[in-house]
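Chemist: Listed here are the chains, written in short residue letters.
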Amino acid sequence: MSENKFVVAQDGDIEDGEAIKIDRAITGADDDIAVFFDNGEYFALNDTCSHATASLSEGWIENGEVECPMHSGRFCLASGEVLSMPASENMRTHRVVLENGDVILYPGVPAGVKA
Amino acid sequence: MNVSSVLIAGGGMAGFQTASSLRELGYAGDITIVDASTAPPYDRPPLSKDYLLGSSTIEHLAFAKPEWYVEKNIALVLGSAITALDPDSGTVTLANGRDLCADVVVLALGGAARKLPLDTGTASNIHTLRTVEDANALHAAISVGTRLLIVGAGLIGAETASSAATLGATVTLVDPFEPPLVPVVGLDMARYLHAHHAGSGIRTIQGSLTQLIADDSGDYVAAVLESGERLDIDQILVGIGITPNTQLAVAAGLEVDNGVIVDSNHRTSHPRVFSTGDMARTRTADGELARRNEHWESARLSGTATARGILGLEPDHADSHWFWSDRAGIHLEVAGDMSAAAESVFRGSTQDDSFVLFRVNGSTLVAAASINDSMAVRAARRIIAAGTAVTAADLANPAVNLKKLTRGIAS
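Line order of the protein sequences matches chains A and B.
full-length UniProt numbering puts the first residue of the first sequence at 1, with every later residue one more than the last.
full-length UniProt numbering puts the first residue of the second sequence at 1, with every later residue one more than the last.
For the record, the hints were derived by calculation from the structure and aren't laboratory data.
Note that the Cβ used here is the ideal one computed from N, Cα and C, for glycine as well.
Accuracy of the hints is not assured; some may be wrong.
One side of the interface only, derived from the structure: several residues of chain A facing chain B at Cβ under 10 Å [to be verified]:
id : residue
1  : 4
2  : 17
3  : 62
4  : 65
5  : 71
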């Protein structure tokens, strides 16, 4: 893969159970990307819910899941898998790692894949 | 009873969720969903919103893609209504003459939109909105300048008013109550929501119709209100509630009282037949008949509870009552019973685009409704479900993080 990576935050910037939204204009990805911090781990998914136009970065983040702020569709933060209706399509994941206090996002690289 | 086949009559939220939950819970037997519609099970709330606006498709409304049914081994029998049920043998007869048999039959037939008593049933320009076919007909009937009369300002009437106004229709919304929806959202929120219609160019009238005037073709051209005012109209939408589709259950001899009576496991008066969703009415352990719920979330939870009941599992924990409604510029969410006796506590003000109205009884949060602040209601759902103690001061203070309150962390 290319060196397409971005330092999107410093460790500690994102509170537990919170998320930030990285604009597609910055990453060049096809959607904004939500970077979540849940229970000591970072995760990243496409930001626009697969069900209706809503920002998952504004969702309810808890127990490794995000619940869409619009209609409560739930997704697994680690895999992007849809867990609850009304959503029926999985979300795309992106690799995000913590290195020397930097939260580094690899847009377009699925979670779990080495860049 | 050893269950190796389940037939679900009705592919709405509750019927679909029953099937989906059966598989999630490990049931490996046959599952068949039967529905009169030719469309595979789909989500109905968008019918009055994105779908009516033309910005969504039936494929997008589908609860699952076609391959999901293959993967989960769930058979769909679409396009033929059920005309008869024999509970003893577990047989349903379809309109096309076909008989289907199963160990368990689940009635998930929902409700039918109530008709206007004045309507003679011959006009082509009077609508209800319950199915995708209804939405297609209504969409085709609305264009710029269409004079649309909506009878009933409940959730469907109000949402459709907003969508039709967006499509350029001239909308008049008539309801006997001013403001409408008080039992559902409470007085403070009902007033706010009702006042919002004027900003979308929707005329609201408190009253009811005394007469519908038809032309030679039988279509309605005007409506007369009890005030004597005559409204010239092109189209009418009637949104005055539903009646549960219990005809099949009645004919089959099941116990019915404004809904098919079920126990907490969703079993009807016949051991082979279950019922779920809008059409089911629970008799509680102490013998009381509960109110039927007609919301999306209650239908979803009802489907899961029914699957558990079929498999002989104990009912799981039921979440607090929750629903949403979308209309121009507004995303409303409600958790709990807004009409229960309690005090109103505002976070923000109704002058803002975003605020929360809590209903509090001492240190107990009873209900919450939000405009464009759904996270507040998500927090409220958890606080209500867990019975976490709250103070009015914390709830009213925008600096207090509601999510932290769910964990019992006071400011």
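Chemist: Please go over all the hints and tell whether each is borne out by the structure.
Modeler: Now the hints, each set against the structure:
1. Given the 10 Å rule on beta carbons, the hint for residue 4 of chain A is violated: about 31 Å separates it from the nearest Cβ of chain B.
2. Checking residue 17 of chain A against chain B by beta carbon gives a least distance of about 6 Å; that is within 10 Å, so the hint holds.
3. With a least beta-carbon distance of about 9 Å to chain B, the hint placing residue 62 of chain A at the interface is held under the 10 Å criterion.
4. About 12 Å separates the beta-carbon of residue 65 of chain A from the nearest beta-carbon of chain B, more than 10 Å, and the hint is not met.
5. At its closest, the beta carbon of residue 71 of chain A sits 7 Å from a beta carbon of chain B; the interface hint therefore holds under the 10 Å criterion.
Hint compliance for this structure: hints 1, 4 are broken, all remaining hints hold.
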